[in-house]
Amino acid sequence: MEDFEPKIIAFLCNWCSYAGADLAGVSRFQYPPNVRIIRVPCSGRVNPLFVLKALYEGADGVLVSGCHPGDCHYQSGNYYARRRLEVFKNLLNFLGLNPARFKMAWISASEGAQFAQLVREYVQEVKDAGPNLEFVREKADLVRFLNEAR
Amino acid sequence: MRQDDLFLTCQKAFQERGLDLLLGYEKSSSGFLRPAVFTAPESLERISWDPSASLNLATYLPRFKSKKVGILAPGCVSRSIIILINEGQINREQVTIIGVPCRGLIEKRKLGDLEGVRLVEFRDESFVLEKENQRRELNLEDYLSESCLSCAYPAPVIYDYLIQGPSREGSKGFLEKRIKDLTRLSPEERLLYFKREAEKCIRCYACRQACPMCYCESCFVESSEPRWLQAAPEPVDNLIWLLTRVYHLAGRCVQCGSCSRACPEGVDLMSLLAWANQSVFELFQYQPGLKIGEKPALGEYRLEDPDFFWGGGQTEGKKCCS
Amino acid sequence: MLFLKLKRENFFQALGEFSEYALYVPRREGERVLLKETSLQDLPENLYFERTTGSAKEILFPQEETLFYFKRYEPLERPKLEDRKKLVLGLRPCDAHGIQVLEDNFLNLEPVDVYFKRRRENTLLVTIACSQFEDNCFCDSLGLGPDRLNGADAIIYDLREAVGVLSRSAILSEKLKGYAFQFQEVENEDQVEKGEVPRRDPEQLPILSPEEYLALISEDKLWEKISSPCLGCASCTYLCPTCYCFDLQDVTYGPVGKRVRTYDSCMFGLYTLEASGHNPRPTLKERWRQRFLHKFSYIPFLEGILGCTGCGRCIEVCPAGIDLREVIKDVAKFKR
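Residue numbers (the working numbering), protein chains in the order written: chain A, 101 to 250; chain B, 578 to 899; chain C, 692 to 1027.
Chain A extracted, bound-state conformation:
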């Protein structure tokens, strides 16, 4: 498992977290390249089904990050996201899914360093958890078909 490179999908809110990630890049903070970013207008836009779909399609970890409570560009979007995603995370934990598969964070637009830190921490968490084999769609037959045609 030493050379396992996790694929992490990150849903970042446009006004804070996405800007924060951008700042991390501009400031040349080093962080692992395993995160693929999807920009959403607000963390409140994130439907928990996004998390399930990402895992289903093979993501090893899913990160959702938004503005700190009180700073939402749309006033209250992140408050709803906080309630929703905490209940959802609880449910996933009860289901028995490895808690490393889903992480929630607040990153503001000025927190470039924190974003890099978050990614460093989370990538290591997912590496330790191993690849997502338990909540991924069955596609062995399609993979086989794709490879044999070559």
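Honestly, the hints are just simulated from the structure, not real lab data. All C-beta atoms in this analysis are idealised placements derived from N, C-alpha and C, irrespective of residue type, glycine included.
Straight-line alpha carbon distances no greater than 16 Å define the calculated EDC-like cross-link-like pairs of lysine to aspartate or glutamate that follow: (1) C:Lys762 - A:Glu248; (2) C:Lys949 - B:Glu811; (3) B:Lys687 - C:Asp826; (4) C:Lys808 - C:Glu756; (5) B:Lys685 - C:Glu722; (6) B:Lys708 - C:Asp826; (7) A:Lys239 - C:Glu756; (8) B:Lys772 - A:Glu234; (9) C:Lys916 - B:Asp597; (10) A:Lys239 - C:Glu755; (11) A:Lys239 - B:Glu811; (12) C:Lys949 - A:Glu248; (13) A:Lys153 - B:Glu811; (14) B:Lys872 - B:Glu664; (15) A:Lys239 - A:Glu157; (16) B:Lys687 - C:Glu722; (17) B:Lys687 - B:Glu714; (18) B:Lys604 - C:Glu1017; (19) B:Lys604 - C:Asp1014; (20) C:Lys771 - A:Asp241; (21) B:Lys685 - C:Glu1007.
For the chain B half of the interface with chain C, some residues (derived, Cβ under 10 Å), not all of them: (22) Ser605; (23) Ala613; (24) Gln786; (25) Pro841.
Once you have looked at the hints, place chains B and C on chain A.
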């Protein structure tokens, strides 16, 4: 509870409230109750209520949006009605709630082979079955649905008419023992357990149809763009179905057990639902269906909500600088 | 048809001749009874099997089936056909009646369903005459019976020390002949010895002609009353031996994909929803009417046999307690 009380009260409701129809139960040929729609006061002679009922009648309410509807309601059904009112699916004025006492509902699955079996009667603590002229008396408590054994509100919480009779003692309401047993397992064992349950699912959606809270005209499983899960009953897809339906019911489910009793394959739905409700209760001190005018838990927020996000904690007054 | 009598031990020995067939029997798994592959040694001596929770159609028409694979820019991959030989033992006559309806639908119309055809050709279906009735079953109320051959390849009768096998499969007849102490050609299945098949005094349900049922199509009050408790789930249709509606869905992975067939149900609102948004069966009243007429009017008209087997699974499983027997009576009462 006396059946003639029920009959007279329902007749009264029909006349006094000018009902178009009344949702209740009638005896089937085997003696077990089944849902029935009564459209005329004369037909009410068939109306009945006892622990052999199975479905939450509130699931029929959204169909009758423009009608004046009467409905028999034990605790769970009355709470479902409150939620439907709070979520704007029906008006308080159009529904006439006939509260009935509840001793719990039987889980038919626990009775085993029912071929040729007839339900004869219910007594104070027991009920009598008959097969080939042989009768046997069974202890009611041993055959109740799991949801009923831990029901927090057996008696109706809201009603326009109330039928007198004894109800169960309320319990805490979150299937404590089942949850405890499951949380004692390791996460891997729990996931295996739920995956095995998901493998039983045949995606008939009886659970969804039996649930009063599942009234969406277009359910997420029918979405083809984006398609969240396959139509085929693959284990992970089934798990997505179960998990998401439970999540959509978090803070909205009254744990009536209607879904669990409707499931033809006996999938364990109650554990996940109980946990979701318990989460909402512990995080936000919210229990659904107790007060008219309340908003659903996941449809509102408080500034002081618990915060478990990375980089979180209370951030009152912290401003974003960009 | 060949009717053979074999001593019990010889019957089990005869089954050994079918080693190239995978043996499937109903087996209980917790709350459900499923068709599971088993070995000869694990067969019960009394040849008693519980009835499967779902119907036997699943062995020929499974709930999930990959029809073919495709790759972008390439011609379609030929159909992926199931070649495995199966011997299914322990089904009931009601299952076999359901198979007849399915065969008529999948094999006797153009285009022939190649998937069903290949599975049917490779499967031997052997039913066992019922030794007891099931919860809510009513085949005898429909003029059918717990001892009929119907669409099976053979049916087994319990003759105490011996078993009687009525076979219309050349393969079965040939292999069993060597182990039988008696066999003869028969024209009519009622000529054979059936042993003790349970009988009860069933209420004969009034079945009308296809045309009489069709004449009731615009009786809104009747269909409204019948469908009013219906929830619109698919429990009845998925478990019904004669329901064969399916949905097609493509599942892709980059440039490749497969077409998957799954069960569909006429009870779903989505079933007849058209792209314009119009739905010719907008409420459960229309959908229930269609379901009933399909079983009792359209299938008898087109295929000459009843579209209902009387197995009673729909009654057992309906969460709203709808009883098809009462529906049949209500409809007949409504006829003027």
